[in-house]
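Residue numbers (this note's numbering), protein chains in the order written: chain F, 105 to 363; chain P, 2 to 295; chain U, 51 to 374.
Bear in mind the hints are in silico, worked out from the structure with no lab data behind them.
Don't take every hint at face value.
Partial chain F-side listing against chain U, Cβ under 7 Å, derived [unchecked claim]: (1) T162; (2) T178; (3) K194; (4) Y196; (5) D197; (6) E203; (7) V207; (8) Q211; (9) T213; (10) Q214; (11) K223; (12) R225; (13) N298.
The calculated lysine to aspartate or glutamate pairs, modelled on DMTMM-like cross-linking and capped at a C-alpha distance of 20 Å, are [unchecked claim]: (14) K177/F x D329/U; (15) K363/U x E253/F; (16) K169/F x E253/F; (17) K256/F x E244/U.
C-beta: ideal position from N, C-alpha, C; glycine also.
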Amino acid sequence: MSSIILSLQNVTKKFGGLVAVNDLSLQVKEHSIHALIGPNGSGKTTTTNMIEGVFPVTSGKIFYKDIELTNMKTHQIARVGIGRTFQNIKLYDTMTALENVMVGGHQHTQLSLLGTLLKVREAAREEKMLKEKAEAMLEYIGLIDVRNEIVKNLPYGKKKLLELARALMTDPELILLDEPAAGLNPSERAGFVNILERIYNDGKTLFLIEHNMDVVMNISQMITVINFGAKIAEGTPKEIQHNPEVIKAYLGDRYKVVK
Amino acid sequence: MGAANDINVLQFIVIGVAMGFIYSLVATEYTLIYNATGLVNFAHESFIVLGAYLFGGTFVRALGLPIWLAITLAIVSMVLFGIFASTIVLNPLRNLQFVTYAMFGTMMLSRIIIEACRLLWGPLPFTVKGFLRGSINIGSAALPTSYVYIIIVSIVIVTGLQIFFKTTRTGKAMICVSQNKDAAALTGINVTRNINITVAMSAALCGIIGILTAPLFNINTGMVASTALKGFCAGIIGGFGSYPGAIVGGILVGLLEQFGIMFFPATYKDVVAFGVMIIFLLIRPSGIIKAKKA
Amino acid sequence: MKKRIRMVLIWIVILTALIIFFKQSNTYIQSVINQLLCNIILVLGLNFITGLTGQMNLATAGMLALGAYTYGILTTSAGWNPWVALLAMFAVGLAVGRGLGYPSLRLKGFYLSLTTIGFAEIVRLLATNLTDLTGGVNGLNYIRRLETFFYKSEAKNDYFMILLAFTVLAILVAYKIVNSKWGRAYKAIRDNMEAAEASGIDISKIKIQAFTLSSIYSAIAGALYAGFNMYINPTSFTVAASQNYVAMLMIGGIGSVPGNILGATIVTVLPELLRKYQDYYWILFCTICLVMAILVPDGIYPLLKKTVLWLKKKLVKKSAAGEG
Numbered sequence: 105m106s107s108i109i110l111s112l113q114n115v116t117k118k119f120g121g122l123v124a125v126n127d128l129s130l131q132v133k134e135h136s137i138h139a140l141i142g143p144n145g146s147g148k149t150t151t152t153n154m155i156e157g158v159f160p161v162t163s164g165k166i167f168y169k170d171i172e173l174t175n176m177k178t179h180q181i182a183r184v185g186i187g188r189t190f191q192n193i194k195l196y197d198t199m200t201a202l203e204n205v206m207v208g209g210h211q212h213t214q215l216s217l218l219g220t221l222l223k224v225r226e227a228a229r230e231e232k233m234l235k236e237k238a239e240a241m242l243e244y245i246g247l248i249d250v251r252n253e254i255v256k257n258l259p260y261g262k263k264k265l266l267e268l269a270r271a272l273m274t275d276p277e278l279i280l281l282d283e284p285a286a287g288l289n290p291s292e293r294a295g296f297v298n299i300l301e302r303i304y305n306d307g308k309t310l311f312l313i314e315h316n317m318d319v320v321m322n323i324s325q326m327i328t329v330i331n332f333g334a335k336i337a338e339g340t341p342k343e344i345q346h347n348p349e350v351i352k353a354y355l356g357d358r359y360k361v362v363k
Numbered sequence: 002m003g004a005a006n007d008i009n010v011l012q013f014i015v016i017g018v019a020m021g022f023i024y025s026l027v028a029t030e031y032t033l034i035y036n037a038t039g040l041v042n043f044a045h046e047s048f049i050v051l052g053a054y055l056f057g058g059t060f061v062r063a064l065g066l067p068i069w070l071a072i073t074l075a076i077v078s079m080v081l082f083g084i085f086a087s088t089i090v091l092n093p094l095r096n097l098q099f100v101t102y103a104m105f106g107t108m109m110l111s112r113i114i115i116e117a118c119r120l121l122w123g124p125l126p127f128t129v130k131g132f133l134r135g136s137i138n139i140g141s142a143a144l145p146t147s148y149v150y151i152i153i154v155s156i157v158i159v160t161g162l163q164i165f166f167k168t169t170r171t172g173k174a175m176i177c178v179s180q181n182k183d184a185a186a187l188t189g190i191n192v193t194r195n196i197n198i199t200v201a202m203s204a205a206l207c208g209i210i211g212i213l214t215a216p217l218f219n220i221n222t223g224m225v226a227s228t229a230l231k232g233f234c235a236g237i238i239g240g241f242g243s244y245p246g247a248i249v250g251g252i253l254v255g256l257l258e259q260f261g262i263m264f265f266p267a268t269y270k271d272v273v274a275f276g277v278m279i280i281f282l283l284i285r286p287s288g289i290i291k292a293k294k295a
Numbered sequence: 051m052k053k054r055i056r057m058v059l060i061w062i063v064i065l066t067a068l069i070i071f072f073k074q075s076n077t078y079i080q081s082v083i084n085q086l087l088c089n090i091i092l093v094l095g096l097n098f099i100t101g102l103t104g105q106m107n108l109a110t111a112g113m114l115a116l117g118a119y120t121y122g123i124l125t126t127s128a129g130w131n132p133w134v135a136l137l138a139m140f141a142v143g144l145a146v147g148r149g150l151g152y153p154s155l156r157l158k159g160f161y162l163s164l165t166t167i168g169f170a171e172i173v174r175l176l177a178t179n180l181t182d183l184t185g186g187v188n189g190l191n192y193i194r195r196l197e198t199f200f201y202k203s204e205a206k207n208d209y210f211m212i213l214l215a216f217t218v219l220a221i222l223v224a225y226k227i228v229n230s231k232w233g234r235a236y237k238a239i240r241d242n243m244e245a246a247e248a249s250g251i252d253i254s255k256i257k258i259q260a261f262t263l264s265s266i267y268s269a270i271a272g273a274l275y276a277g278f279n280m281y282i283n284p285t286s287f288t289v290a291a292s293q294n295y296v297a298m299l300m301i302g303g304i305g306s307v308p309g310n311i312l313g314a315t316i317v318t319v320l321p322e323l324l325r326k327y328q329d330y331y332w333i334l335f336c337t338i339c340l341v342m343a344i345l346v347p348d349g350i351y352p353l354l355k356k357t358v359l360w361l362k363k364k365l366v367k368k369s370a371a372g373e374g
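Chain F with its partners taken away, still in its complex shape:
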């Protein structure tokens, strides 16, 4: 039995009178690919934001391994071992690809401000190691040739990959991916999925929020379906595809599964 790496226990999020997430419980197994799907507005991004500490939880608990994440600060959660990519790309537009990735590695550096100024040799060494690690990451993702390009000028597909590289710099064991396939054309999608598989094979756990059924059905091992903030189904891709509740949620009452 592999252990649970991420656990949401009866998590609820209310915005005033609106219940965005309703008593959601789910468990992500270590070294797995788990997807969270649901129609638009079902509460997927709100859930991710709560895991990442962007929104406080109204009630319930979130655990990463045996560390309670509920109400921890975002940057603390990032340091615990969780990486994240965003639905709308959030990169540092004025810096190069390499610098963007290097920022991801900051939390593993040791020197304080004073240290950087006074311990010249150590600071140079630290910087060099950070740079090498970032370059290795860019190589791994396949973006090494654009490392000195200002991010603003990169095409959309490359930006998505770059976000992934930056998230990997934090040496996470769990990566939250918010609609990773959004806006990519089929060949870009295939490339992205390849990289996700490679990351998975290197031992990471992936938690995907995704709309695109190709990606979800192809790559996930476990799927949780939510609608109106509550879980309506959970299972393997095969199980989900034939689940009448899921079909109703996506297609409405007028469609029935014809066996």
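Given the coordinates of chain F, assemble chains P and U onto it according to the supplied hints.
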């Protein structure tokens, strides 16, 4: 004894409310631009000064026009100036990458306008003779004319603005633009033109503020330096981005200032507005009346 | 190693040239140069919080005033040794950095800039009105300068060397910080705060750090400025002055140390060079600034770098074509 005190209290309140309305008008004019463009118009002080100079310097003193004509022409000039400034400066600025760039741009615009005033009308302060001078007798109290007019004009403007937003097409379009530009554009509103109109209105309002404050401060380049800053404070206290908030905040600051004079030396009067603003920023940054934005 | 030696040599050449130029200039030019050095330190400090971290700070004049007056009062009324008073500037910088840093965590953009204006105005009002402590409108006189063993600075000449030493130190420290992970962290906060948080950067800590650096630089510049004329008064520390420093930052090129130096130089020296056009100088200068803010908001230095790169490319193309 009792009667004299009553008169003092009345005068005290009138001054507080009048100055409060000035701050409210200032808060309203920059809120117009902020709601439409997301920019804070650091040049608003210079717009007010320009309005005062146009009115007093050109139309009254240089051209010798009757007051009512001078006021009308000054406001019209400010409308044209507003459209010009919006097209050349504010619209380009709002599309820049960082908000610091736009702030810097409006700061420079402010300097340019004030320097232009100094060059065009000379560095010496002047007044408009007989304009809103003296006092009006209400009952047994003699209230300075300018303050009474400020209160009356402000109430008219503020009410007119609300009616404008609620009933006219342009006014409603402005509310759309302030809440969601993309949606506004999709429903056929020419966003850029709408912004130009908003800035023109703001400029006209600044002109009116300049005309109203001319008898209080005399016309010179620094006449509304602290007033403009306190107008910013008033807007934040009342609720940044909200028109009712602008009024509430302004009057509150105006009255608190008058109270402050009773307890602190007059030189610290300007600190009152800042002090209250900082308290609000720390406790309730959205202000007294939260602005309604989509 | 070669690059290092080349940099050091360039520094030596520039500094020697500057010193020689200074020694043979008249008093007027010397005071402009001294003012320039103070301004460079100020702009380098402002760069941390406004250029890199993107938080508009209009309190620079107020921070400068706080440094200048604290140093002035300590060396006159309290009779402290100027060097010890200088150390106190670090304390002032730390206090102001925290004082303005914490509000900056909760306030953004306009709210923050208004708070910084409020801070600066309150400092100025206190300086004007606490006459017993600060000399009020008459200012603070007989401020002692920093002195060393080899120079007893009576003539303004000798103060220049001390100013120069501090400026060089400020430049080196700023350069190191800007081009390190800290510079990147500041820029990350400016470019995308949410993403920076998700990368593990403690936004609160870094913002306060940037403010503190800025304040320390300003406080030290204040102490140096106070010793400059050995006299200060409140009229030098207005909001307009703060805007000038922002202009130096924006014109020169936000984010880079050479850009900061360039900006400080242009804004300080140009009005002096064009003295005879004094009446029209400011309106022309501000118009150019405004045009630049719209068209070239990053400043002159990045523009220069792009031009040099473009020229290099053209030269390479030409020589390649020539050999073809």
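Which hints from the list above does the structure break, by number from lowest to highest? 1, 10, 11, 12, 13, 14 and 16
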